[in-house]
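K.L.:
Construct the entire structure; sequences and hints are all you get.
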Amino acid sequence: MLRVLKAGLQSTIQGAPRLGDRHLGIPYAGPADALSMALANRLVGNASDATCVEVTFGGFEAEVETDCAVAVTGAAGRLLVSDREMQPHSTWHLNKGATIKIEPPRTGVRTYLAIHSGFSAQTQFNSTSTYLPAAFGGMEGRALQAGDVLSATTTPQMSDTLQTPEALRPTFTNAFALRACVSAETDLLAPEARRALFSETFTAGRQATRMGLSLEGHPLAVASDGKMKSAPVFPGILQCPPSGTPIVLLCDAQTTGGYPRIASIARCDRHLLGQIRPGDQVTLLHRTPEAALVDFTEKQALLDRWLRGGA
Amino acid sequence: MSATLTPLRIADDVFEFQVETSKHAQALADELRSAGLAEDIVAGLDRVSVRFDPARTKQVETWLSGIRSINLPDQTARPVIEIPVQYGDEFGPDLDAICEAMELSPEAFIEVHTGAEHEVEMIGFIPGFSYISGLPETFQIPRLGTPRARVPSGSIGISAAFTGIYALAGPGGWPLIGRTPDRLFDPDAADPFRLRPGQRVRFKAV
Numbered sequence: 001m002l003r004v005l006k007a008g009l010q011s012t013i014q015g016a017p018r019l020g021d022r023h024l025g026i027p028y029a030g031p032a033d034a035l036s037m038a039l040a041n042r043l044v045g046n047a048s049d050a051t052c053v054e055v056t057f058g059g060f061e062a063e064v065e066t067d068c069a070v071a072v073t074g075a076a077g078r079l080l081v082s083d084r085e086m087q088p089h090s091t092w093h094l095n096k097g098a099t100i101k102i103e104p105p106r107t108g109v110r111t112y113l114a115i116h117s118g119f120s121a122q123t124q125f126n127s128t129s130t131y132l133p134a135a136f137g138g139m140e141g142r143a144l145q146a147g148d149v150l151s152a153t154t155t156p157q158m159s160d161t162l163q164t165p166e167a168l169r170p171t172f173t174n175a176f177a178l179r180a181c182v183s184a185e186t187d188l189l190a191p192e193a194r195r196a197l198f199s200e201t202f203t204a205g206r207q208a209t210r211m212g213l214s215l216e217g218h219p220l221a222v223a224s225d226g227k228m229k230s231a232p233v234f235p236g237i238l239q240c241p242p243s244g245t246p247i248v249l250l251c252d253a254q255t256t257g258g259y260p261r262i263a264s265i266a267r268c269d270r271h272l273l274g275q276i277r278p279g280d281q282v283t284l285l286h287r288t289p290e291a292a293l294v295d296f297t298e299k300q301a302l303l304d305r306w307l308r309g310g311a
Numbered sequence: 001m002s003a004t005l006t007p008l009r010i011a012d013d014v015f016e017f018q019v020e021t022s023k024h025a026q027a028l029a030d031e032l033r034s035a036g037l038a039e040d041i042v043a044g045l046d047r048v049s050v051r052f053d054p055a056r057t058k059q060v061e062t063w064l065s066g067i068r069s070i071n072l073p074d075q076t077a078r079p080v081i082e083i084p085v086q087y088g089d090e091f092g093p094d095l096d097a098i099c100e101a102m103e104l105s106p107e108a109f110i111e112v113h114t115g116a117e118h119e120v121e122m123i124g125f126i127p128g129f130s131y132i133s134g135l136p137e138t139f140q141i142p143r144l145g146t147p148r149a150r151v152p153s154g155s156i157g158i159s160a161a162f163t164g165i166y167a168l169a170g171p172g173g174w175p176l177i178g179r180t181p182d183r184l185f186d187p188d189a190a191d192p193f194r195l196r197p198g199q200r201v202r203f204k205a206v
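Read top to bottom, the protein sequences are chains A and B. According to our numbering, numbering within the first sequence proceeds without interruption in unit steps and concludes at 311. According to our numbering, numbering within the second sequence proceeds without interruption in unit steps and concludes at 206.
Don't read these hints as lab results, they were simulated from the structure. Warning: the hint list may mix true and false statements.
In silico SDA-like pairs for lysine to any residue, Cα to Cα no more than 20 angstroms straight-line [what the hints assert, rightly or not]: (1) A:K229 / B:D46; (2) B:K58 / A:A177; (3) A:K299 / B:Q18; (4) B:K58 / A:V294; (5) B:K23 / A:L24; (6) B:K58 / A:A301; (7) A:K229 / B:T146; (8) B:K58 / A:L293; (9) A:K229 / B:K58; (10) A:K229 / B:P136; (11) B:K58 / A:Q300; (12) A:K299 / A:A177.
Non-contacting residues of chain B with respect to chain A, defined by C-beta distances greater than 10 angstroms in every case (computed) [to be verified]: (13) G66; (14) S69; (15) E103; (16) E107; (17) T114; (18) A116; (19) A190.
Cβ coordinates follow ideal geometry from the N, Cα and C atoms, glycine included.
P.N.:
Next up, the structure:
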């Protein structure tokens with residue numbers, strides 16, 4: 001069991017995304033960086049989508065109330081256990097009375113805290129993931145706050161001590177190159193705008209939430225009258241409103257939208273979207289859908305050897 | 001109805017069909033969903049998107065290329081639901097601008113909106129957000145150039161000739177004409193969604 005001492009800017013409980021309910025208007029939710037969460041879970045012997053804490057820009061502190069095994073991955077600020085500096089990507093065996101401190105990261109946005117057997121949380125629409133706009137899942141549908149008590153689903157202790165293989169540890173800088181495919185309304189872009197989309201360097205805007213983030217600096221001329229019929233959208237899709245500033249959709253994205261869908265971040269790189277901070281540089285690398293799925297399959301195979309392997 | 005149904009690839013893991021009407025979209029989506037082969041099947045107003053697990057790419061391609069036609073089910077009409085609306089002022093900050101662009105008085109606009117029988121075409125965007133048809137096709141209201149970061153729950157907007165209800169607070173790009181005090185989404189209710197596609201609706205000024 002952990003007691004939250006400081007919750008930071010926004011810490012939420014996240015588990016599996018809510019696949020299969022988008023036709024009811026239910027967004028996926030789940031981790032903004034699914035790979036980092038899977039790696040944290042692996043270190044404590046959990047399934048990849050077991051329930052974790054997602055910490056945004058650090059500032060999270062908790063007190064250990066029961067001996068437990070935990071792990072921290074994702075954006076790496078300084079990590080302290082009872083004032084002793086600790087390394088991410090490793091199983092920590094903590095004793096009652098210890099304190100965990102996750103300081104703000106210098107690069108990246110979100111840090112994941114996993115506990116052996118997963119955190120206990122409210123399940124709504126078949127998932128424990130918190131969806132803040134509708135206040136469901138997780139801890140009463142809200143962000144964590146000081147005083148909250150986080151329990152493990154069963155026993156939080158394990159005997160193994162694991163480390164993520166060096167080659168599989170994502171590192172984050174202030175520049176992101178993301179593979180991307182054209183989408184349903186890419187043809188509405190003027191030729192110059194289409195060229196710019198896949199060659200210019202954009203700057204992530206100040207509104208970077210779990211729903212989406214804007215890509216600024218190169219407004220795109222889009223032949224839209226603002227009257228497009230609402231169409232399905234998914235995390236990874238780039239929408240382009242008449243202002244010309246594209247918005248990349250993240251895990252909490254709405255299920256439909258009426259702005260032209262001008263590109264889609266390839267599935268293999270979507271986990272990176274959750275680590276882009278305002279001011280970071282973003283370039284899109286054009287891929288065909290077929291090539292993008294080959295990249296996904298290769299990346300998945302590499303990760304699965306670790307994520308699904310034995311201890 | 002279109003003679004052929006050819007799926008377009010709109011992402012590396014999403015195919016999309018374009019269809020004629022929202023009724024076709026709902027019918028096709030329901031039929032595809034019953035196959036249980038996709039991660040998600042979502043109907044837009046004239047689109048149906050199929051997101052799939054990349055491990056099933058070949059199987060999904062074969063499945064979708066075999067879709068030839070859409071069977072429209074018999075529509076069993078539901079009773080009309082009345083939705084109270086506070087029009088204009090702080091509840092509908094864009095009502096005056098819309099009326100000015102259309103050269104209508106707000107009173108005339110409200111008369112048209114409350115006089116028509118509307119029908120829910122689609123649920124989407126966010127939980128419980130309903131796309132409701134029923135306004136004359138001559139209404140061609142554009143979306144806002146820049147979406148609002150947050151609109152209050154119950155907000156009612158107009159886009160093209162559709163009425164949309166924001167059951168929850170959140171970002172929104174539809175110009176707002178009013179707000180309903182009714183709650184249309186309750187996550188704790190046995191049936192959390194009050195409106196469904198096919199539901200007939202009337203608006204009442206309060």
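K.L.:
Honestly, which of those hints from before does the structure not fit?
P.N.:
Structure breaks hints 2, 3, 9.
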